[in-house]
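On the provided structure of chain U, position chain D as indicated by the hints.
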Amino acid sequence: MRSRASLLGGAIALLVSLVVFVVPFAFIVLMAFKDRRQANLLDFSWPNGVHLWDNLVTVVTTRNWMLVTAFINSTILTVVSVTLLVLLGAMVGFVLSRRKTRWNPLAEFLILSGLMIPPAVVPTIWLLQGLQLFGTLSGMILIEVAYNLPFTIILYRAFIATIPRDLDEAAIIDGGRPMDIFFKVILPLLWPVTVTNIVVQSVGIFNDFTNPLYYLPGNANATVQLTLYNFQSQFNTAYNLLFTNIALITIPPLIVFLFFNRQIVAGMTAGAVKG
Amino acid sequence: MASLSLSSVRKNYGALPVIKGVDLSIEHGEFVVFVGPSGCGKSTLLRMIAGLEEITSGKLLIGSKLCNDMEPRDRGIAMVFQSYALYPHLSVYDNVGFGLKLAKTPKDVRDRKIREAARVLKMEHLLDRKPGQLSGGQRQRVAIGRAIVRQPEVFLFDEPLSNLDAALRVDMRMEIAKLHKELGATMIYVTHDQVEAMTLADKIVVLDGGVVQQVGAPIELYQRPANLFVAGFIGSPKMNFTPVRVDAVNGNRVAVSGEDVINLTVEADPSNVSPGDTMTLGVRPHDLAPNQAGSIVARVGLVERLGNETIVSLELVSGTNWLVVLDGDRPLARGETLALGADPAKAILFDAAGKSVTRRS
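Protein chains in written order, with my numbering: chain U, 2 to 276; chain D, 768 to 1128.
Calculated from the structure, these hints are not laboratory results. Built from N, CA and C at the ideal position, the CB exists for glycine as well. Check before you lean on any hint, since a few could be wrong.
As the list claims (entries may be wrong) - Listed below are the simulated EDC-like cross-link pairs for lysine to aspartate or glutamate, each with C-alpha atoms no more than 20 Å apart in a straight line:
hint, chain 1, residue 1, chain 2, residue 2
1, D, LYS871, U, ASP181
2, D, LYS832, D, GLU797
3, U, LYS185, D, GLU838
4, D, LYS868, U, ASP36
5, D, LYS871, D, GLU883
6, D, LYS787, D, GLU797
7, U, LYS185, D, ASP895
Said to hold, decoys possible - Sample of chain U residues lacking proximity to chain D, with all beta carbon distances greater than 10 Å (derived):
hint, residue
8, LEU31
9, GLN39
10, ASN74
11, LEU89
12, SER98
13, TRP104
14, PRO120
15, VAL122
16, LEU132
17, THR137
18, ALA171
19, ILE174
20, TRP192
21, LEU214
22, TYR230
23, PHE258
With the rest of the complex left out, here is chain U (with noise of 0.2 Å):
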């Protein structure tokens, strides 16, 4: 009875998930090989015929190679982004975790509402527009960094306090100076985390929409996800060519998610309990 009563379940669970996870994707994928007399039924049909390669080389050469300028612009921003956030991160982390001052609250209480308040899109054009920064990749870059700093120090630190003290002072025994002990000795171990902080971080990025909107205007500093906009308007969309370069702009994360998808876990998890 009770194995009955668990496969029943593990197949509702099944079904679930085909039916969030899988339909869509295949809802995508169908699209992108129809023709836009059939795509504009949006109905769960097989495609008359095969225009997938047609589809292709409208959606990449569209509006001069934008998607291509896109990918180039989305790949700055997400590898820079990363990058700056796992080094900046596991710093703060570090010194937060080692370092105890009476300035650790305040440093503390500051981290946690970069998580709690919500941005303020107008000011910060503002401020950005003041500092020669608005619409440009480097702008865009540092509200990135600045966004999702939060959430990877706490990831960071939660883990380096598990990291035995008696290491840093080998260490520093050994001769390290701080960077040292930091490059050669906490980095390395940070690895499980590095690798969730990257995959949650670039996937983040990669795929964000709303913030290059607001602070990353114009046609030569559009990211993949503003590409969308190319083929839908409030009269005229077309369909097939919307899903193509949906199904175009999926593959990165997805890559990036197959590979890293076990320790992404293990990372999250890694420092909740001693180990």
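Here is chain D on its own, set in the frame of chain U:
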């Protein structure tokens, strides 16, 4: 040369004094052991020498250099930690060579030094392994190897053997003693295990409450403890104590008696003793022997027969419990009355402040 000296060194954590003025001088090549109960400040003192704790006041000289504010890397020291503190992501080879790499030692010199250290510690076959693949004893070797390659003037050991099992501890103790002879370097060793202290040390420093209680050779501390604390701390089983009154002083012989002791003669320095003084008598369990005319009469409690010796717990007249260790096997029954005599040359008298008044050369 790497002698080391501390003069009125103090350490406070906020308002709390931990090390209350330590004066100590250590000669080049000496093996010095800091020993004391938990929380006596022995590890803190070692960490101050290493440079991991700041010195609140006083002077630390290593060689002839004032090292109070010097970075640990410039002090010419190496330290072995209780937890080994090996870098888990590096192989044994890289662990041992870490300090050399930081110091930008040329690769061939580094390689030679690492292999030499591995040879001394007989761990050449372990060089490619990660610390996670080593046993406790092997990790300890690596930790010592990491100290050796630095060719320090002073080795610091912070309870290095306390994570090992009993048999391994004996082996490693001998290894460390051998290493000290081979390298001829100054070594400072912290432990709470008095067997380690007695067997390894040229000089023992007994600490309690952040104060040095006595400094001396192991046997000197055993035979001539300076005060009640050292007398009770060094030696196993512990020294027995009971309060007595001085009856008469005759040359360097003092006759004492008390509730538990009837007219016992003890050697003491007559200048520190006068008739009528209240003192504490200390006798080691091994220095008591059954004697019908003995001055200590007690009731036998628990008897532990180990074959080669018999450990008897005694209840004295005042209710004080003593231990006595008798040679060979003695079939004693619980509740039996036993008269014991104490060797006058080995019993020790302590004055009201707990200081020994017995001085022997």
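Quick rundown of the hints versus the structure:
1. Taking the CA atoms of D/LYS871 and U/ASP181, the gap is near 12 Å; set against the 20 Å cutoff, the hint holds.
2. Of the pairs offered as hints, the one joining D/LYS832 and D/GLU797 holds, with about 18 Å between alpha carbons and a cut-off of 20 Å not exceeded.
3. A hinted pair counts as satisfied when its Cα atoms are at most 20 Å apart, and U/LYS185 with D/GLU838 qualifies at roughly 19 Å.
4. About 63 Å separates the Cα atoms of D/LYS868 and U/ASP36, which puts this hinted pair outside 20 Å; it is violated.
5. Of the supplied pair hints, the one linking D/LYS871 and D/GLU883 holds, its CA atoms being roughly 18 Å apart against a limit of 20 Å.
6. For the given pair, D/LYS787 sits about 24 Å from D/GLU797 by alpha-carbon distance, which is inconsistent with the 20 Å threshold.
7. Only pairs whose Cα atoms come within 20 Å are accepted, and U/LYS185 paired with D/ASP895 is accepted, the gap being roughly 19 Å.
8. Chain D leaves U/LEU31 outside its interface by the beta-carbon criterion, the shortest separation being 47 Å against a cut-off of 10 Å.
9. Here U/GLN39 stays apart from chain D, with its beta-carbon at least about 56 Å from theirs, past the 10 Å limit.
10. Chain D leaves U/ASN74 outside its interface by the beta-carbon criterion, the shortest separation being 35 Å against a cut-off of 10 Å.
11. With a minimum CB-CB distance of about 22 Å to chain D, U/LEU89 clears the 10 Å threshold, and the non-interface call stands.
12. With a minimum CB-CB distance of about 17 Å to chain D, U/SER98 clears the 10 Å threshold, and the non-interface call stands.
13. Chain D leaves U/TRP104 outside its interface by the beta-carbon criterion, the shortest separation being 17 Å against a cut-off of 10 Å.
14. Against chain D, the non-interface label of U/PRO120 holds: every CB pair exceeds 10 Å, the least being about 37 Å.
15. The Cβ of U/VAL122 lies farther than 10 Å from every Cβ of chain D, with a closest approach of about 43 Å, so its non-interface assignment holds.
16. In this structure U/LEU132 is separated from chain D by more than 10 Å, as the shortest Cβ-Cβ distance comes to about 39 Å.
17. Separation of U/THR137 from chain D is adequate, the least Cβ-Cβ distance of about 38 Å exceeding the 10 Å criterion.
18. Separation of U/ALA171 from chain D is inadequate, the least Cβ-Cβ distance of about 4 Å not exceeding the 10 Å criterion.
19. The beta carbon of U/ILE174 is not kept farther than 10 Å from every beta carbon of chain D, the shortest such distance being approximately 5 Å.
20. Here U/TRP192 does not stay apart from chain D, with its beta-carbon only about 8 Å from theirs, under the 10 Å limit.
21. No Cβ of chain D approaches the Cβ of U/LEU214 within 10 Å, the least distance being about 42 Å, so the stated non-interface status holds.
22. A cut-off of 10 Å between C-beta atoms confirms that U/TYR230 is not in contact with chain D; the least separation is 46 Å.
23. The non-interface label for U/PHE258 is consistent with chain D: the shortest C-beta to C-beta separation is roughly 26 Å, beyond 10 Å.
In terms of the numbered hints stated before, the structure departs from hints 4, 6, 18, 19 and 20, listed from lowest to highest.
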